[in-house]
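Asker: Sequence:
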Amino acid sequence: FEAGFSAHVLHLNDPGCRGTIQNGRVQFHFDNNYQICGTNLVANGTHIIYENFILGTPESGAGLISREKILKLNFSCIYPQTQTLSMIDINPLETRVNENLPAGEGRYQVRMVPYQDSEFSQPFTGRVDAELNQQIFVEVGVDGVDSFQFVTVIDTCWATPVNDPDYSLRWDLITGECPNPQDNTVELLQNGVSTSSRFSFRMFIFSSNATKVYLHCS
Numbered sequence: 222f223e224a225g226f227s228a229h230v231l232h233l234n235d236p237g238c239r240g241t242i243q244n245g246r247v248q249f250h251f252d253n254n255y256q257i258c259g260t261n262l263v264a265n266g267t268h269i270i271y272e273n274f275i276l277g278t279p280e281s282g283a284g285l286i287s288r289e290k291i292l293k294l295n296f297s298c299i300y301p302q303t304q305t306l307s308m309i310d311i312n313p314l315e316t317r318v319n320e321n322l323p324a325g326e327g328r329y330q331v332r333m334v335p336y337q338d339s340e341f342s343q344p345f346t347g348r349v350d351a352e353l354n355q356q357i358f359v360e361v362g363v364d365g366v367d368s369f370q371f372v373t374v375i376d377t378c379w380a381t382p383v384n385d386p387d388y389s390l391r392w393d394l395i396t397g398e399c400p401n402p403q404d405n406t407v408e409l410l411q412n413g414v415s416t417s418s419r420f421s422f423r424m425f426i427f428s429s430n431a432t433k434v435y436l437h438c439s
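Heads up, the sequence shown is in our numbering, so the first residue is 222 and it goes up one at a time.
No wet-lab data here; the hints were simulated from the structure. All values derive from a computational prediction rather than experimental measurement. In this text, a Cβ means the ideal position worked out from N, Cα and C, and glycines have one as well. A couple of the hints might just be wrong.
Quick list of the computed label-pair ranges, beta carbon to beta carbon [said to hold, decoys possible]:
hint, residue 1, residue 2, range
1, Pro236, Ser439, 35 to 45 Å
2, Ser428, Asn234, 53 to 63 Å
3, Asp338, Gly240, 30 to 40 Å
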């Protein structure tokens with residue numbers, strides 16, 4: 222290779238993670254869970270950063286000294302720590318957010334799905350026509366992250382009569398990671414313990430002649 226290093230001497234932070242030659246390039250493969258290859262995780266309050274490096278060291282010789290170069294290439298992937306997710310018209314199709322960031326190919330998916338049952342085994346199919354006071358179960362989850370180092374935390378969830386999370390008329394369901402004390406139908410069933418969070422509430426309608434409810438979570 223151009224830097225004068227053979228592929229077999231190149232590895233990631235974990236020396237056991239070595240590359241393979243494909244189409245004239247050295248490629249390293251590692252994932253978010255079981256083979257992280259010494260990847261370091263850093264959180265700065267606004268973003269989550271995965272950091273690792275490619276290291277190339279010369280093969281040890283018999284002499285006391287060496288003038289062989291050492292190669293170290295640092296790389297990182299950055300993920301935003303907070304996302305706002307909207308579920309259009311309580312639509313059961315999964316709503317996803319994809320992020321491509323300049324620092325790398327960091328990507329994860331955020332989904333929000335309504336369910337009919339407390340076991341979260343029966344997602345709604347088709348458009349949701351919920352009866353007033355019917356209990357609705359909602360799961361918010363993240364895919365594509367390290368499940369051993371990440372958890373999903375719902376900080377705020379709210380409803381609006383139009384498909385606009387910034388609309389002035391809103392009803393809070395969850396605020397500050399807790400159910401809205403003004404709505405005793407809201408139950409926060411799971412939060413901050415895995416890559417999925419769950420809550421439930423009883424269906425309502427806005428008094429301003431609106432016929433739909435749109436959910437949003439951050």
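Asker: Confirm or reject each hint.
Answerer: Structure-based check of all given hints:
1. Pro236 x Ser439: 35 to 45 Å: 41 Å, holds
2. Ser428 x Asn234: 53 to 63 Å: 58 Å, holds
3. Asp338 x Gly240: 30 to 40 Å: 47 Å, violated
Checked against the numbered hints above, the structure breaks only hint 3 and satisfies the rest.
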